[in-house]
Amino acid sequence: MNEVSRRGFLGAVSALMMLPAVSAAPHTESGKRYAMLIDVDKCFGCMACVVACAAENNVPLGSFRTWIEQLVKPDGTRIFVPKQCNHCEDPPCVPPCPTGATYKTADGLVLVNDELCIGCGACVKSCPYGARYSNPVKGVADKCTFCDHRLAAGLLPACVEACPTGARVFGPLHEDNELSKIVRSRPVQVLKPHTGAEPQIYYISLPDEVNR
Amino acid sequence: MLEYYFPNEAAEPLLWHPVLFAYTLLVSGADLLILAALAYLSGSLRKVIPLMTMLGIGFFAVVLVGPLADLKSPHKAPLIFTHPHLAPTAANPGISLTAFQATAWLIALILSIIFALLTFSYYSHQASLTSVGLRKSLYQAFSLGVTSAEKYGAVEKVAKAVAVLMLPFLTLWGVYPATLFIMQTWNPAWRSWALLPVTYFADTFVVATALFMLVYFLWRYGSLERDVVTPVLKIHAAGSLSVAALTGLQMAMWWTWSPATAEMVEPLIPLMYVVIGLLLLSFFLSLVAIRYPATIPAVSLVAMAGTFTNKWNIIVNAQLISKTGLAFFEPELGGGWLLETAAPIALGVAVFVLLSILFPLEVRESGK
Numbered sequence: 001m002n003e004v005s006r007r008g009f010l011g012a013v014s015a016l017m018m019l020p021a022v023s024a025a026p027h028t029e030s031g032k033r034y035a036m037l038i039d040v041d042k043c044f045g046c047m048a049c050v051v052a053c054a055a056e057n058n059v060p061l062g063s064f065r066t067w068i069e070q071l072v073k074p075d076g077t078r079i080f081v082p083k084q085c086n087h088c089e090d091p092p093c094v095p096p097c098p099t100g101a102t103y104k105t106a107d108g109l110v111l112v113n114d115e116l117c118i119g120c121g122a123c124v125k126s127c128p129y130g131a132r133y134s135n136p137v138k139g140v141a142d143k144c145t146f147c148d149h150r151l152a153a154g155l156l157p158a159c160v161e162a163c164p165t166g167a168r169v170f171g172p173l174h175e176d177n178e179l180s181k182i183v184r185s186r187p188v189q190v191l192k193p194h195t196g197a198e199p200q201i202y203y204i205s206l207p208d209e210v211n212r
Numbered sequence: 001m002l003e004y005y006f007p008n009e010a011a012e013p014l015l016w017h018p019v020l021f022a023y024t025l026l027v028s029g030a031d032l033l034i035l036a037a038l039a040y041l042s043g044s045l046r047k048v049i050p051l052m053t054m055l056g057i058g059f060f061a062v063v064l065v066g067p068l069a070d071l072k073s074p075h076k077a078p079l080i081f082t083h084p085h086l087a088p089t090a091a092n093p094g095i096s097l098t099a100f101q102a103t104a105w106l107i108a109l110i111l112s113i114i115f116a117l118l119t120f121s122y123y124s125h126q127a128s129l130t131s132v133g134l135r136k137s138l139y140q141a142f143s144l145g146v147t148s149a150e151k152y153g154a155v156e157k158v159a160k161a162v163a164v165l166m167l168p169f170l171t172l173w174g175v176y177p178a179t180l181f182i183m184q185t186w187n188p189a190w191r192s193w194a195l196l197p198v199t200y201f202a203d204t205f206v207v208a209t210a211l212f213m214l215v216y217f218l219w220r221y222g223s224l225e226r227d228v229v230t231p232v233l234k235i236h237a238a239g240s241l242s243v244a245a246l247t248g249l250q251m252a253m254w255w256t257w258s259p260a261t262a263e264m265v266e267p268l269i270p271l272m273y274v275v276i277g278l279l280l281l282s283f284f285l286s287l288v289a290i291r292y293p294a295t296i297p298a299v300s301l302v303a304m305a306g307t308f309t310n311k312w313n314i315i316v317n318a319q320l321i322s323k324t325g326l327a328f329f330e331p332e333l334g335g336g337w338l339l340e341t342a343a344p345i346a347l348g349v350a351v352f353v354l355l356s357i358l359f360p361l362e363v364r365e366s367g368k
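The listed protein sequences correspond, in order, to chains A and B. Sequential numbering of the first sequence, starting at 1, is according to this note's numbering. Sequential numbering of the second sequence, starting at 1, is according to this note's numbering.
So that you can see chain A by itself, here it is in the shape it has in the complex (with noise of 0.2 Å):
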């Protein structure tokens, strides 16, 4: 009797426990390891990448899941960057989540319970890229999730789909692809080396200047 009653009383404690558990993300794995190839000198500006990224994903005004940085050099050269979530093969954004809301999929994707996120910004203020921002309708941390929702269904991201100089390339890497051959087979470089995050957004032809 006695035995049953402790049983009783751990289920009733788990039972409790469980109360506030929330239910996982609803993204699926593929078992792929997703990266993005971005060329520099295809880059020409058009904003088209980040139009379509922020209607796709109701990008709130002022914050941006890609953005594009532009650069002048002294002869008056411009070069176009553009940037977003880096999906880091170790995420500088990941364990100073207190809830366990941010986290990384098998198939490398950085990404973001919405459910768990209390929104407390300690993501936001541990990317070093400012890839993420405080979403203010959602009450959440938000950013690029490579469009996982339109990988689920066969489709690329928006923003690769939207350029118009096919200077974006996404895939899954060390397979039979574009994005595997052009970074197998020329220098490429990624932001913020020094960081040791092992970001999975390849550059072509990234200037020196924009790696701060």
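Quick caveat, the hints were computed from the structure, so don't treat them as lab data. All values reported here derive from a predicted model rather than from experimental measurement. We put the beta carbon where it would ideally sit given N, CA and C, even for glycine. Mixed in with the good hints, there may be bad ones.
[As the list claims (entries may be wrong)] Partial chain A-side listing against chain B, Cβ under 8 Å, derived: (1) 76; (2) 130; (3) 152.
[Claimed, not checked] Covered by chain B, per the in silico footprint, the following chain A stretches (three or more residues, Cβ under 8 Å): (4) 113 to 120; (5) 134 to 142.
Guided by the hints, dock chain B onto chain A, whose structure is given.
Here is chain B on its own, set in the frame of chain A:
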């Protein structure tokens, strides 16, 4: 040269509002409890233990209310306790300092309350003898069955063990915000502020002792006891001098590191000079107050002005430096920020007042 620059931080440069500043002041409750525990363990400064314990618990108990206003979904705050990120997994590598500290807060607060109940157990028994109604029931419960000086002797040993257990958790809290800034953010000023944790630790001692002296002065006005005031003033003087020296040393480090670092932290330098000036003044005033205790309020107020300035510079101004280190944003403070900041401190004061009604603020040796 960069143009068309659309970083997210431009939309909301001040993500953590000045309420965090109140939060870090409440952390001084942890330092008051450290001082109380050390006094109890060493057997010195016993007279200050009750006041320090009550003031410490009052502030430390409400410490987590501080950052609540900074949460974008405050109704989900309990998830920090029910869904803490304390163990690394494949999906959630690393450990969240915030979750770790929230757990440490719970443990430290429970230990602090046990420590207070143990040290006040015999007093509570005696108080129960002369009380009536609800107060009598409360004191009977607080006495923990300690009804004689002999029993209190045994309880003291347990209280000492609890005091030892409290120390590591409270020390972690003493350096927590600084540790978070330096380890789990990518703010260029915070990450290059190598002396931030030790400065923060010393700084919270300055606030804790300044607060203690002010409350003690107001409470015992006209009958200040030198054997209470002098040691606290000495701790305060040492803390003030340490923070001033560490602030100056950090400035020197930045200047010698690289021209880029020196340029990046330029907006922080003017207030750092103010901090050094105010804390040096507090140091000298402390020495004066040892001889003339009537000047204690001046010591406390100058020290608090210095630490307020320091925290404003560390929390607000440093946040306004962009992640590239190339820009310094303008602060955009909401209308209610002052009230929002004052509220958690007012709550801490309220808890302290409530505790001071129930428990004595002066020592009763062996329960007398």
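Comparing the hints with the structure gives:
The criterion of a C-beta within 8 Å of any C-beta in chain B is not met by residue 76 of chain A, whose closest approach is roughly 11 Å, and the hint is violated. Nearest Cβ of chain B to the Cβ of residue 130 of chain A: about 5 Å, under the 8 Å cut. The hint holds. Here the hint on residue 152 of chain A is broken, as its CB sits about 18 Å from the closest CB of chain B, past 8 Å. Only residues whose beta carbon comes within less than 8 Å of a beta carbon in chain B count, and the segment 113 to 120 of chain A has 5; three or more means the coverage holds.
Check on the segment 134 to 142 of chain A: 5 of its residues sit with their Cβ under 8 Å from a Cβ of chain B, so the three-residue criterion for coverage holds.
The structure is inconsistent with the numbered hints 1 and 3, although it conforms to all the rest.
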